[in-house]
Amino acid sequence: MTISPDKVAELQCKAAELRLNIVTMMGSDKVHHFGGSLSAADIVTALYFYKMRYDPHNPDWPERDRFLMSKGHSVPAQYAALAMLGVFPLEELATLKQLGSRLQGHPAMHLTPGLEGCTGALGEGLSYANGMALAARIRGLSYNVYCLLGDGELQEGQVWEAAMTSARHCLGNLVAIVDRNGLKAMDETKCGKLLDPLDERWTSFGWAAREIDGHDMAAICEALDWAGEQTQQPAVIIANTVKGKGVSFLEGQPQFHNAPLNGEQFTCALGEVENALATTEGK
Amino acid sequence: MPEMTETRFAYGEALLELGSQRPEIAVLDADLYKSTRTVLFRDAFPERFIDVGISEADMVSTAAGMAATGLIPFCNSFAMFITSICYLPIRIQIAYPSLPVKLIGSSAGLTQGPDGASHQSLEDIALMRILPNMAVVSPADDVETRQATFAIADWPGPVYMRVGRYPVPRLFDDAYRFEMGKATTLRDGKDVTIFATGHMVYKVLEAAELLAQDRIEARVVNVSTIKPLDEAAVQKAASETGLLVSVEEHSVIGGLGSAVAECVSGIANTPPLLRLGVQDVFGESGLADELLEKHRLTPQLIAADVRRALG
Numbered sequence: 001m002t003i004s005p006d007k008v009a010e011l012q013c014k015a016a017e018l019r020l021n022i023v024t025m026m027g028s029d030k031v032h033h034f035g036g037s038l039s040a041a042d043i044v045t046a047l048y049f050y051k052m053r054y055d056p057h058n059p060d061w062p063e064r065d066r067f068l069m070s071k072g073h074s075v076p077a078q079y080a081a082l083a084m085l086g087v088f089p090l091e092e093l094a095t096l097k098q099l100g101s102r103l104q105g106h107p108a109m110h111l112t113p114g115l116e117g118c119t120g121a122l123g124e125g126l127s128y129a130n131g132m133a134l135a136a137r138i139r140g141l142s143y144n145v146y147c148l149l150g151d152g153e154l155q156e157g158q159v160w161e162a163a164m165t166s167a168r169h170c171l172g173n174l175v176a177i178v179d180r181n182g183l184k185a186m187d188e189t190k191c192g193k194l195l196d197p198l199d200e201r202w203t204s205f206g207w208a209a210r211e212i213d214g215h216d217m218a219a220i221c222e223a224l225d226w227a228g229e230q231t232q233q234p235a236v237i238i239a240n241t242v243k244g245k246g247v248s249f250l251e252g253q254p255q256f257h258n259a260p261l262n263g264e265q266f267t268c269a270l271g272e273v274e275n276a277l278a279t280t281e282g283k
Numbered sequence: 284m285p286e287m288t289e290t291r292f293a294y295g296e297a298l299l300e301l302g303s304q305r306p307e308i309a310v311l312d313a314d315l316y317k318s319t320r321t322v323l324f325r326d327a328f329p330e331r332f333i334d335v336g337i338s339e340a341d342m343v344s345t346a347a348g349m350a351a352t353g354l355i356p357f358c359n360s361f362a363m364f365i366t367s368i369c370y371l372p373i374r375i376q377i378a379y380p381s382l383p384v385k386l387i388g389s390s391a392g393l394t395q396g397p398d399g400a401s402h403q404s405l406e407d408i409a410l411m412r413i414l415p416n417m418a419v420v421s422p423a424d425d426v427e428t429r430q431a432t433f434a435i436a437d438w439p440g441p442v443y444m445r446v447g448r449y450p451v452p453r454l455f456d457d458a459y460r461f462e463m464g465k466a467t468t469l470r471d472g473k474d475v476t477i478f479a480t481g482h483m484v485y486k487v488l489e490a491a492e493l494l495a496q497d498r499i500e501a502r503v504v505n506v507s508t509i510k511p512l513d514e515a516a517v518q519k520a521a522s523e524t525g526l527l528v529s530v531e532e533h534s535v536i537g538g539l540g541s542a543v544a545e546c547v548s549g550i551a552n553t554p555p556l557l558r559l560g561v562q563d564v565f566g567e568s569g570l571a572d573e574l575l576e577k578h579r580l581t582p583q584l585i586a587a588d589v590r591r592a593l594g
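Chains as they are written, first to last, in our numbering: chain A, 1 to 283; chain B, 284 to 594.
Wrong hints could be hidden among the right ones.
[Unchecked claim] So the derived list for chain B, only partly shown, Cβ under 7 angstroms to chain A, looks like this: (1) S338; (2) Y370; (3) I375; (4) P380; (5) Q583.
[Said to hold, decoys possible] With beta-carbon atoms standing in for the labels, derived distance ranges: (6) L570/B <-> R53/A: 54 to 62 angstroms; (7) Q98/A <-> P555/B: 42 to 50 angstroms; (8) K97/A <-> S367/B: 25 to 33 angstroms; (9) S101/A <-> H402/B: 41 to 49 angstroms; (10) E514/B <-> T231/A: 52 to 60 angstroms; (11) W61/A <-> S367/B: 32 to 40 angstroms.
I should point out that these hints are in silico values taken from the structure, not numbers from a laboratory.
Here a beta-carbon is modelled for each residue, glycine too, at the ideal position from N, C-alpha and C.
One chain only, chain A, in its complex shape (with noise of 0.2 angstroms):
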């Protein structure tokens, strides 16, 4: 199905608005998960306001799909979006990771509402979204789960064996999502690990595969009405993106995985996004 212009115009505004609150909630001086967590808005975006049947005012709704942050640093993206739907107030995206905040460094499902499952320690999430997917089998429920991952976090041993386990289990029900933005928190992801040919891995896993751009509004929400259509296997779509993406002199610098921006960064980072939100809200 193709999606209408219109449609694609009024979520690429969603995200420069949910890049301007990544941005605005990280503030000056702190060390904050930017990379990451800019990667992801497009794709974060597209699931919370295109893709995903969820009632934000019943957030505990059996029936809804399930989004699980794998790559736990970067909730962020999901904290802003979970605002924007009104979960819980914009205002408290300001308390993000200071003492006695329900917004964790890394997510707490038992602090924050809207969140699925306790990530940060990487490779564990896509057995737990297993372990979702296979609960709506045995509970007669009917949801779909959404699993990010990122590139970096592939390199995790366990995400191969969940891989096997979603497979062996035909878990249709099941997307997953690599955040391929290149980068780990050091270096590019390729320094460690191979991960070439990516999507040949896992369609040898016996996965269903798609690579995209992970930017590319029209295309994510594309990749996810397909992803759909997998009924008999787990699919993945690969999203090629830019750490960082959204502000000029982040992207693609492994320096901002977890970094602070002083001032003046700070200032023509939030200038950045603003003029972005600007924009797209003129079209």
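Place chain B on chain A using the hints.
Relative to the frame of chain A, chain B by itself:
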């Protein structure tokens, strides 16, 4: 000679019964379902049974996801594997949000026997006990194992339960009621209190018989819930008997002995505590009874160590 049975058998049967009563019970295994006795549940409820294959961490994380969506999953493997390979997901995905996943460590302790150090869990109680929100249960016989299986399903948070493949006699009658967090005094005495858990409970009851022949009156306390510990029972023993002893088929670091020590450490005029168990070494291959002898965990050697401590 009373009838002897392994606690893992009672667990497997109880799990089957639990499954027939409660549709939210799901069972996961990692290619050990005959050993862990989840085979009974598997055959009866295949739609609620997942064998993930040889991938224990994947199993535990999968169970966490199932628990988050309203099921009560029981995860099964050898005690050694389920508490070590899976430690990270147990900590972050289960204990941290306090999800009701039940982790069952089978073939626990030194009595695992011939497979040696790689398979003998001597640190599992310590590893699980230190995690916030995690309860730790170690039943002594088949009656208690059966009741504990039902009780941990009702417990709102995560639980680690140890079961074994070493034959033990029945210690409890049908009137017995297992309660989470409640230790039971199986024999009263004024000279010494011996705290024991799991397979060691009946060894200690036999040791108490031997001590009685020397006119030493030993109180024997079955600590089947190591966490939350029955602090009242420990404090009572500390005030009423002149020597405390702990006996476990586990390292003396971090297990039952440590839990008792932590409990009494803030109390003035506490009697000495003798911690019997595996003395900070790895296990090795051997028959269960040979290993118990080597580590001084037979009734005769437990009694000898208690006598020596009493002077």
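Do the hints match the structure? See the list:
Taking 7 angstroms as the C-beta contact cut-off toward chain A, the hint placing S338/B at the interface holds, the least distance being around 4 angstroms. Below 7 angstroms, beta-carbon pairs count as interface contacts, and Y370/B has none with chain A, the closest being about 10 angstroms; its hint is therefore violated. Below 7 angstroms, beta-carbon pairs count as interface contacts, and I375/B has one with chain A at about 5 angstroms; its hint therefore holds. This hint holds: P380/B has a C-beta 4 angstroms from the nearest C-beta of chain A, less than the 7 angstroms allowed.
The beta carbon of Q583/B is not positioned within 7 angstroms of any beta carbon in chain A (closest approach about 46 angstroms), and the interface hint is therefore violated. Here the CB-CB span from L570/B to R53/A is close to 58 angstroms, well matched to the stated 54 to 62 angstroms. The given range of 42 to 50 angstroms is respected by Q98/A and P555/B, whose C-beta atoms sit roughly 47 angstroms from each other. Distance hint check for K97/A and S367/B: the Cβ-Cβ separation is about 31 angstroms, which falls inside the suggested range of 25 to 33 angstroms.
Between S101/A and H402/B the Cβ separation comes to about 44 angstroms, which falls inside the hinted range of 41 to 49 angstroms. Distance hint for E514/B and T231/A: a CB-CB separation of about 54 angstroms, consistent with the stated range 52 to 60 angstroms. At about 37 angstroms, the beta-carbon gap between W61/A and S367/B stays in the expected band of 32 to 40 angstroms.
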